[in-house]
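Peer 1: These are the residues of each chain, in order.
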Amino acid sequence: MQRKFFGTLYNTYQFFALYANVDGFSFSETYIPVNERPEIDRWILSALHSLIKNVTENLDNYEPTLAFRSVEEFLDEYLSNWYVRLNRRRFWKGEYEQDKITAYQTLYECLETLVRLMAPLSPFFSDAIFRNLNAVTKRFEVESVHHSDFPVANESYIDLSLEERMKLAQDTSSLILSLRKKENIIVRQPLQKVLIPVLNPEMQAQFEKVEDLIKSETNIKEVEYITDAHGIIHKKIKADFKSLGKRLGGKMKKAADLIGQFSQDDISALEKNGVFKLDIDQEIIEITPADVIITAEDIPGWSVTSNGNLTVALDITLTDTLKNEGTARMFVNRVQNIRKEYKFDLTDRIFVDILDNGTFVPILENFGDYIRAEILADKLSLVSELLNGTEIEINGIILKVHVKKTS
Amino acid sequence: MANKYKEFTSLSLPDIEKEILAQWQQQQAFEKSISLREGAETFVFYEGPPSANGMPGIHHVISRTIKDMVCRYKTMKGFKVQRKGGWDTHGLPVEIGVEKELGITKKDIGVKISVEEYNRKCREAVLRYKNKWDELTTKMGYWVDLKNPYITFENNYIETLWWLLKKLYDKDLLYESINIQPYSPAAGTGLSSHELNQPGTYKDVKDTSATVVFNVVNNEKAQFLFDKTNGEDIGLMAWTTTPWTLPSNLGLTVGPNIDYVLVQTKNPYTEIDQNVVIAKALFHKYFENPLNLSLEEGDAEIFENSDGKKKHFGWKILNTFKGKDLEGIMYHQLMPYEANQTDNPNAFKVLLGDFVTTEDGTGIVHTAPAFGADDYKVGQKYGIGILIMVDKEGKFIDGLGEFSGRYVKNYKDDPNYEDVNVDICVKLKKENKAFKVEKYEHSYPHCWRTDKPILYYPLDAWFIKTTALKDRMVELNKTINWKPKSTGEGRFGNWLENMVDWNLSRSRFWGTPLPVWRTEDKSEEICIGSVEELKKEIEKANAAGFDNSKFTTHEFDLHKPFVDDITLVSPSGKPMKRVSDLVDVWFDSGAMPFAQWHFPFENKEIFADNYPADFICEGVDQTRGWFYTLHAISSLVKEDIVEELKNSNLPTNNVDGRAYKTVVSNGLVLDKYGNKMSKRLGNTIDPFETIDKYSADATSLVFNDECFALGQFKIRPRRHQRSAAQILWHII
Numbered sequence: 001m002q003r004k005f006f007g008t009l010y011n012t013y014q015f016f017a018l019y020a021n022v023d024g025f026s027f028s029e030t031y032i033p034v035n036e037r038p039e040i041d042r043w044i045l046s047a048l049h050s051l052i053k054n055v056t057e058n059l060d061n062y063e064p065t066l067a068f069r070s071v072e073e074f075l076d077e078y079l080s081n082w083y084v085r086l087n088r089r090r091f092w093k094g095e096y097e098q099d100k101i102t103a104y105q106t107l108y109e110c111l112e113t114l115v116r117l118m119a120p121l122s123p124f125f126s127d128a129i130f131r132n133l134n135a136v137t138k139r140f141e142v143e144s145v146h147h148s149d150f151p152v153a154n155e156s157y158i159d160l161s162l163e164e165r166m167k168l169a170q171d172t173s174s175l176i177l178s179l180r181k182k183e184n185i186i187v188r189q190p191l192q193k194v195l196i197p198v199l200n201p202e203m204q205a206q207f208e209k210v211e212d213l214i215k216s217e218t219n220i221k222e223v224e225y226i227t228d229a230h231g232i233i234h235k236k237i238k239a240d241f242k243s244l245g246k247r248l249g250g251k252m253k254k255a256a257d258l259i260g261q262f263s264q265d266d267i268s269a270l271e272k273n274g275v276f277k278l279d280i281d282q283e284i285i286e287i288t289p290a291d292v293i294i295t296a297e298d299i300p301g302w303s304v305t306s307n308g309n310l311t312v313a314l315d316i317t318l319t320d321t322l323k324n325e326g327t328a329r330m331f332v333n334r335v336q337n338i339r340k341e342y343k344f345d346l347t348d349r350i351f352v353d354i355l356d357n358g359t360f361v362p363i364l365e366n367f368g369d370y371i372r373a374e375i376l377a378d379k380l381s382l383v384s385e386l387l388n389g390t391e392i393e394i395n396g397i398i399l400k401v402h403v404k405k406t407s
Numbered sequence: 001m002a003n004k005y006k007e008f009t010s011l012s013l014p015d016i017e018k019e020i021l022a023q024w025q026q027q028q029a030f031e032k033s034i035s036l037r038e039g040a041e042t043f044v045f046y047e048g049p050p051s052a053n054g055m056p057g058i059h060h061v062i063s064r065t066i067k068d069m070v071c072r073y074k075t076m077k078g079f080k081v082q083r084k085g086g087w088d089t090h091g092l093p094v095e096i097g098v099e100k101e102l103g104i105t106k107k108d109i110g111v112k113i114s115v116e117e118y119n120r121k122c123r124e125a126v127l128r129y130k131n132k133w134d135e136l137t138t139k140m141g142y143w144v145d146l147k148n149p150y151i152t153f154e155n156n157y158i159e160t161l162w163w164l165l166k167k168l169y170d171k172d173l174l175y176e177s178i179n180i181q182p183y184s185p186a187a188g189t190g191l192s193s194h195e196l197n198q199p200g201t202y203k204d205v206k207d208t209s210a211t212v213v214f215n216v217v218n219n220e221k222a223q224f225l226f227d228k229t230n231g232e233d234i235g236l237m238a239w240t241t242t243p244w245t246l247p248s249n250l251g252l253t254v255g256p257n258i259d260y261v262l263v264q265t266k267n268p269y270t271e272i273d274q275n276v277v278i279a280k281a282l283f284h285k286y287f288e289n290p291l292n293l294s295l296e297e298g299d300a301e302i303f304e305n306s307d308g309k310k311k312h313f314g315w316k317i318l319n320t321f322k323g324k325d326l327e328g329i330m331y332h333q334l335m336p337y338e339a340n341q342t343d344n345p346n347a348f349k350v351l352l353g354d355f356v357t358t359e360d361g362t363g364i365v366h367t368a369p370a371f372g373a374d375d376y377k378v379g380q381k382y383g384i385g386i387l388i389m390v391d392k393e394g395k396f397i398d399g400l401g402e403f404s405g406r407y408v409k410n411y412k413d414d415p416n417y418e419d420v421n422v423d424i425c426v427k428l429k430k431e432n433k434a435f436k437v438e439k440y441e442h443s444y445p446h447c448w449r450t451d452k453p454i455l456y457y458p459l460d461a462w463f464i465k466t467t468a469l470k471d472r473m474v475e476l477n478k479t480i481n482w483k484p485k486s487t488g489e490g491r492f493g494n495w496l497e498n499m500v501d502w503n504l505s506r507s508r509f510w511g512t513p514l515p516v517w518r519t520e521d522k523s524e525e526i527c528i529g530s531v532e533e534l535k536k537e538i539e540k541a542n543a544a545g546f547d548n549s550k551f552t553t554h555e556f557d558l559h560k561p562f563v564d565d566i567t568l569v570s571p572s573g574k575p576m577k578r579v580s581d582l583v584d585v586w587f588d589s590g591a592m593p594f595a596q597w598h599f600p601f602e603n604k605e606i607f608a609d610n611y612p613a614d615f616i617c618e619g620v621d622q623t624r625g626w627f628y629t630l631h632a633i634s635s636l637v638k639e640d641i642v643e644e645l646k647n648s649n650l651p652t653n654n655v656d657g658r659a660y661k662t663v664v665s666n667g668l669v670l671d672k673y674g675n676k677m678s679k680r681l682g683n684t685i686d687p688f689e690t691i692d693k694y695s696a697d698a699t700s701l702v703f704n705d706e707c708f709a710l711g712q713f714k715i716r717p718r719r720h721q722r723s724a725a726q727i728l729w730h731i732i
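As given, the protein sequences belong to chains A and B, one line each in that order.
Mapping the first sequence onto our numbering, position 131 (from 1) lands on 131, and the numbers just tick up by one.
Mapping the second sequence onto our numbering, position 593 (from 1) lands on 593, and the numbers just tick up by one.
Since the hints were derived computationally from the structure, they do not count as laboratory data.
This structure is a prediction, so every number in the text was calculated from the model and none was measured.
Each residue gets a CB set at the ideal place from its N, CA and C atoms; glycine is no exception.
A hint or two may mislead.
Said to hold, decoys possible - When the alpha-carbon atoms are kept at most 27 angstroms apart in a straight line, the in silico DSS-like pairs for lysine-lysine are as follows:
no., chain 1, residue 1, chain 2, residue 2
1, A, Lys236, A, Lys167
2, B, Lys18, A, Lys138
3, A, Lys246, B, Lys661
4, A, Lys138, B, Lys540
5, B, Lys436, B, Lys266
6, B, Lys77, B, Lys32
7, A, Lys4, B, Lys693
8, B, Lys693, A, Lys53
9, B, Lys540, B, Lys167
Claimed, not checked - Over the 10 angstroms line for every Cβ pair with chain B, so calculated as not near, a few chain A residues:
no., residue
10, Ile40
11, Arg90
12, Ile101
13, Glu143
14, Gln189
15, Ala205
16, Lys277
17, Gly308
18, Leu310
With the hints as extra help, turn the sequences into a complete structure.
Peer 2: Given below as structure tokens:
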């Protein structure tokens, strides 16, 4: 865990340093007001300032374990695996202008604040990074992180609703990706639809704001919200003996039987209201979702999973169009690898010949333009004979292609 | 100003740390972290003094990690956090180490080696590994002031202790008393109850236990018994797990309202007819009843040999009566020798005591006043005297026949040691005086430094009357922020509720001398509270014609043997010598809030700014150690501190009797077998190797991550997947 923690921090800093050095970012531009930054930046800053509050409270209470775990969660799940990953292009693409500067300012503030929060817990490495950062920006007039003041949360940065819906996006994406893994459908293969049952209009509103993010993260074309999951998603419920047994003791067996007989409506009611009343021997006992284990069953053509309040049903039907699009994307990926292998410049234009094996015609028809644009091809054609080419594999089919620079 | 962010060449934490460490040293980063906060509010931290006579281990790293974390955090929060280091330099651990090194035992001191020479060796030994400790401190990035540490053997430190002791003396909170105390023959010193409560001191051991028969004297008092046996012998049965105490027996104690029975049977070893007395409730533990007879139906003639191996002897109950009916009955001494003769008319009689139970044994308690607190108390009440047939080295004294000179336990690690307890039982069996002898497994306290079993032994000792301020200590504890809370309420709270007076005396050589001088007849005494006072008293004595030239001409040192050479003069003109006791080393460390500043002789203002502590942190094993002695001393001298500060016009609003406001007691690092790591057991992990190989940051994160979550920190090879403990196991 420790090495993963330091490794993640190290990688995040190295990523920042690499691009900031290329672009000459030294935090010399005016601080861009947070409300003028994109939502994803506002989100990570909100999470950062919530983290400051959390760490301060835990250290005030002499609970370093809890403090460290929240730092770790922020670094790994929010900063590295979400913010940096989703925003990589902002650092490596485009000119050094407003959006890029915003991204640098945001990432810098996260790193700088993070090492100050970590300074008491890992005094050496935090100081090493702090010194490296501060040597360029001189934002603090101190030699060491240990001479700086502990960060103070800026309440105006904190937007809990934004944090909540980003969490929703992360959790939903991770559920969908887990279904893809289970069904063995790689992310590059687009899928048509995901169904998400929502408990109330607020939840749906939150989803809609992060819908595009979920779609692009998981490569799904549409999201459909359903308020009545009847007939679409069938759930199973059983008592959680660990949680309930302690509380109920001798009544456990009866309670487990009653829970086992729950109808779909009962399950929905429990999920919606957060509580359900059981009548056991004339005694009313309240159970909560934490007392039970609810699982969703697959329905033909769909793959279903849930975690807590969140359920997703993924349409796993692969139409020819979807298959072709998937193939097109995989083709793009293979050609990009060849470009890298041949050490072509990012801007080099190319000619591509494909030995016709009969499968590629519909793909070129429907996605030829897309492929050409992605791989910077001036010519993309099927040929009946190919002397020297490279073999690539897409979904188990071998394809022979020839790639060369446009002269 | 650099214009490029430095990119690391690789993630090698140990290399990065070396670089940062060099910068910290070059820039004096620690000193600056304090001086930059000059004038800011103080956050007070007390460093529990380690003993530098041994190498530091990984278990020392854990507390330091937390201490450092908190102090750095508070510094960044704007507080000025001074961290004065300290060294615990007196006491048993040091002395045992020096004895081993020199190949001597306690009795050689003053014979083969002079006390002066011995104490010089101790003084050299205590800081032997100071460099190693300093290196660890530096390498792990623990920021603590090592340049001006407090050292408990320094005269100034001792002078503050004397000042505190005199304050207690003046309030009658320091007194001398004979007491049956835990005593370690192997270490040659008494032990305090908090030393007996160190983790691991109680061990399950198998001892030879015996139920022995004391023959009743046939006189008028016992007539009601002898009437039932037609004048045949009657034995009172008593059970002991320490047969070596039998030659020191002076009484038998019964419970006044317990029912006893007189049983006619045979001795299981000699098969001779025997009549014995035992508590009715414990009858079934000694007598088989294969025929399921009622107690009235017994028949002494029934002899069963049902399984061919074990003999069941018949029994018949001749009489039933209360314990109080037995009071005053006389019995013949069990093991008479030349050395244990007594003409005390109260000896060898049946006594009544409320402490007798029918939980185990026979309901009749063998009473040797020398070796048990209850025995001593009931013996005092009946005036039965005392027989001390075992000397302070733990061996029988001369005049005990074949047992003379034999050690009652194997204190010397003699490979040919034969258990004297077994031999006593064999002798008693032959004499028809043993009714049951068997191995008995029980939990028995052992000396925390020598690992040898302790004895209870009568000693003259000085006590601090902590019980007088028990209520205050309990109340104050409720205002201390304990992490975890359960340690404060449970372990510490229970300890306070059941406290006994603090046995302060140690009969050793290297320690803080108790500053009490008195006349030989004990009629006049003086407690010295400062060096100045001592000098004045010396002058007075010199003027009265006593010779103190040996002391005054010598380099001023408040240790033995020098202080023992001083003769003071009593008000009536008699010579006064110092009592021989040294002070419990835990008093040294518990007094550090005052003594680290040489309060009240110097630094009163600094003291006022740094008392009490906002935060301390040590292993949970210090709960009944340092955490207790800090708390006890501060509670006891609250008024004296307030007065002293008031006299200097210093604020007193922080002085409420607490020594610390928050205390973190971290879990212990255990080895993979679940044993505490300690240098004594040799199962420690080298912290230097760990830090060199895996970095200080990674090591400390492992501790910060897990130490609070778990009550203890066990290093085991196979734990659940994501456990940091497992990672520590890997990195080690």
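Peer 1: For every hint, state whether the structure bears it out.
Peer 2: For each hint, the structure was consulted:
Of the pairs offered as hints, the one joining Lys236 (chain A) and Lys167 (chain A) holds, with about 25 angstroms between alpha carbons and a cut-off of 27 angstroms not exceeded. Of the supplied pair hints, the one linking Lys18 (chain B) and Lys138 (chain A) holds, its CA atoms being roughly 24 angstroms apart against a limit of 27 angstroms. Distance restraint check for Lys246 (chain A) and Lys661 (chain B): the Cα-Cα separation of roughly 37 angstroms exceeds the 27 angstroms cut-off, and the hinted pair is therefore not satisfied. The straight-line distance between the Cα atoms of Lys138 (chain A) and Lys540 (chain B) is roughly 69 angstroms, outside the 27 angstroms bound, and the hint therefore fails.
Annotation: proposed proximity of Lys436 (chain B) to Lys266 (chain B) holds, straight-line Cα distance about 12 angstroms (limit 27 angstroms). Taking the CA atoms of Lys77 (chain B) and Lys32 (chain B), the gap is about 15 angstroms. The hint holds against a cut of 27 angstroms. A threshold of 27 angstroms between alpha carbons decides the hint, and for Lys4 (chain A) with Lys693 (chain B) the separation of about 16 angstroms falls inside it, so the pair holds. Taking the CA atoms of Lys693 (chain B) and Lys53 (chain A), the gap is about 34 angstroms. The hint is violated against a cut of 27 angstroms.
About 22 angstroms separates the Cα atoms of Lys540 (chain B) and Lys167 (chain B), which keeps this hinted pair within 27 angstroms; it holds. Interface exclusion of Ile40 (chain A) from chain B stands, the closest Cβ pair being 23 angstroms apart, more than 10 angstroms. With a minimum CB-CB distance of about 18 angstroms to chain B, Arg90 (chain A) clears the 10 angstroms threshold, and the non-interface call stands. At the 10 angstroms boundary, the C-beta of Ile101 (chain A) stays outside the reach of chain B, the nearest C-beta of that chain being 16 angstroms off.
The Cβ of Glu143 (chain A) does not lie farther than 10 angstroms from every Cβ of chain B; its closest approach is about 5 angstroms, which violates its non-interface assignment. For Gln189 (chain A), the condition that its CB be more than 10 angstroms from all CB atoms of chain B holds, with the nearest at approximately 31 angstroms. Every CB of chain B is more than 10 angstroms from the CB of Ala205 (chain A) (nearest about 36 angstroms), matching its label as outside the interface. For Lys277 (chain A), the condition that its CB be more than 10 angstroms from all CB atoms of chain B holds, with the nearest at approximately 35 angstroms.
Listed as a non-interface residue, Gly308 (chain A) keeps its Cβ farther than 10 angstroms from every Cβ of chain B; the least gap is roughly 21 angstroms. Residue-level check passed: Leu310 (chain A) sits 23 angstroms from the nearest beta carbon of chain B, beyond 10 angstroms.
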